[in-house]
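2 protein chains.
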Amino acid sequence: MAINYPNGISKKYQKETPTQKKKQHSFSNRGMSFEELINQSNLYYLSKEIAVVHKKPTPVQIVHVNYPKRSAAVITEAYFKEASTTDYNGIYKGNYLDFEAKETKNKTSFPLHNFHEHQINHMKQCINQQGIVFVLIWFSSLQRCFFLSATHVIDYWENKENKRKSIPLKMIEDCGYEIQLGVAPVVPYLSIIDHYISKGDSIYEK
Amino acid sequence: MAINYPNGISKKYQKETPTQKKKQHSFSNRGMSFEELINQSNLYYLSKEIAVVHKKPTPVQIVHVNYPKRSAAVITEAYFKEASTTDYNGIYKGNYLDFEAKETKNKTSFPLHNFHEHQINHMKQCINQQGIVFVLIWFSSLQRCFFLSATHVIDYWENKENKRKSIPLKMIEDCGYEIQLGVAPVVPYLSIIDHYISKGDSIYEK
Chain C
1 MAINYPNGIS
11 KKYQKETPTQ
21 KKKQHSFSNR
31 GMSFEELINQ
41 SNLYYLSKEI
51 AVVHKKPTPV
61 QIVHVNYPKR
71 SAAVITEAYF
81 KEASTTDYNG
91 IYKGNYLDFE
101 AKETKNKTSF
111 PLHNFHEHQI
121 NHMKQCINQQ
131 GIVFVLIWFS
141 SLQRCFFLSA
151 THVIDYWENK
161 ENKRKSIPLK
171 MIEDCGYEIQ
181 LGVAPVVPYL
191 SIIDHYISKG
201 DSIYEK
Chain Z
1 MAINYPNGIS
11 KKYQKETPTQ
21 KKKQHSFSNR
31 GMSFEELINQ
41 SNLYYLSKEI
51 AVVHKKPTPV
61 QIVHVNYPKR
71 SAAVITEAYF
81 KEASTTDYNG
91 IYKGNYLDFE
101 AKETKNKTSF
111 PLHNFHEHQI
121 NHMKQCINQQ
131 GIVFVLIWFS
141 SLQRCFFLSA
151 THVIDYWENK
161 ENKRKSIPLK
171 MIEDCGYEIQ
181 LGVAPVVPYL
191 SIIDHYISKG
201 DSIYEK
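As you go down the protein sequences, you meet chains C and Z in turn. So in my numbering, spot 194 of the first sequence is number 194, and the numbers just go up one at a time. So in my numbering, spot 53 of the second sequence is number 53, and the numbers just go up one at a time.
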C-alpha cells in the first residue's frame, strides 16, 4: 500500500539522517489531507483486525434523483447538511471510539470555529455513555499531530464567550499527546488509547 | 412528540379492546417506514440521555457542485454508493452498538438479499471487537418486530450458497426476541440488550 503524506511533510524528513532516507521515498507522494491520512490509518487498523473505525459519509439532503433507463440513478439536486455528530466512530477492544480529525494552518493555537455546536453536544453525550472521545489535530505549518481528549475541547468551547476563541498550542502540548507519524499506520492514534487502557485510566483525567 | 407508525399498524390495534382505544389515536398517522420508527426511537433514547445512536448518512459519490453567488452550494451530479458498514451505530452504557434495521413483506421468512457482503463483513469485524451487533427485523405483513443477534444472520449468510436464501420466521422466533412496539420509544430495542447486560451474558449465546 502506498503511503501518502500531507503537503510539506516530506520537507521535514529531508533534513533527517541518511537512515531515514529510505522513508523519504514514501513521503514523496504529496497532496493528501489529514483526513485522508486518518482514513488510511483506519484502513490499516481494519485490515489488521485491530479496530473498526469508519468515517461517516458526508450528510447530504437529496432533493431530486433521475432514474435513466439501463443506468445508475443520478442525484441531480442535493445540498450539504450540517453534521449532527463527529466524523469518525467505531470500536476498539470493546471500547466505543468517537472523534474528529481537524487540520489548521495556525502555528500557535487551534481555532474553535473548526467545531460547531452539534459536534460539541455529541461529544458530551458520548462521554456520558462512557465512550472514548477525542480530537486529532494536525498543525500543518508545524507538521505536528496531537491527540486531545474531548473534555478539553468542551471546556474551551464553553468558555469561549468569555475568554478566547482558540485553544493555545501550549495547552494542547500540556494536556494532549503528540503523535509521531509513522508508516503503517500513518497516524498511530490507538497507541495513545492503549496507554490509557493498559493503566486502567480514563483519557479524561490528564 | 407525535408518534407515527408504519402502514397498516393501526389495523391491528383497531381489533383491540376498548382500553387500548386511547392508543389508537396516535397510531392514526400512518405512512412511516420502519427506519423512521427506529430513528424516532433513537431520538427518544438520545433526548433521555439513555443512549447515543445515529443512522449514518446515505453514502453518496459527489461528482459536481455548483456554488451560486449568495446561496448554498448545490450538488448537481452525484451517485448512490454501496454502504461499507451497517446503517446504525452508537454507544449504550459503555457498549458499542451496531445494527441494521430491515423491513420485509414476507410472512414466513426474512430474505437474505436484504444484506450485502460488506455489511456481513462489517458485522463480523465488530463482533471480533466485542461489539453488540444485531438486526432489527420488521415483518410488515405480520406487524411483528424482532431483535436477532448478528451471529445468526452471519451463519445463514455463510450457508446460503448451499442451503436457503432466507432465514425462516420459525428460526427468528426461536433464536431472536420479539419486540412489542410501544409509544416512547416506539421500538424499545435497548430492553433486549438490558436483558443481556443484567445477566452478564453475551447476546451471541442464545
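Hints in this document: simulated from the structure, not taken from any laboratory. Some hints here could point you the wrong way.
In this list, chains with the same sequence are indistinguishable; a pair is considered to hold if it fits within one copy or across any two.
[Claimed, not checked] Mimicking BS3-like on lysine-lysine, the simulated pairs with C-alpha atoms at most 25 Å apart in a straight line are:
id : residue 1 : residue 2
1  : Lys170    : Lys107
2  : Lys55     : Lys93
3  : Lys165    : Lys56
4  : Lys56     : Lys93
5  : Lys124    : Lys48
6  : Lys81     : Lys69
7  : Lys93     : Lys105
Note that the coordinates shown come from a computational prediction; the quantities given were computed from them, not determined experimentally.
Cross-check of the supplied hints:
| no. | hint | verdict |
| --- | --- | --- |
| 1 | Lys170 with Lys107 | within (11 Å within a copy, 63 Å between copies) |
| 2 | Lys55 with Lys93 | both (18 Å within a copy, 23 Å between copies) |
| 3 | Lys165 with Lys56 | neither (27 Å within a copy, 30 Å between copies) |
| 4 | Lys56 with Lys93 | both (20 Å within a copy, 22 Å between copies) |
| 5 | Lys124 with Lys48 | between (30 Å within a copy, 14 Å between copies) |
| 6 | Lys81 with Lys69 | between (29 Å within a copy, 18 Å between copies) |
| 7 | Lys93 with Lys105 | neither (34 Å within a copy, 37 Å between copies) |
In the structure shown, a violation is registered for the earlier hints numbered 3 and 7, in ascending order.
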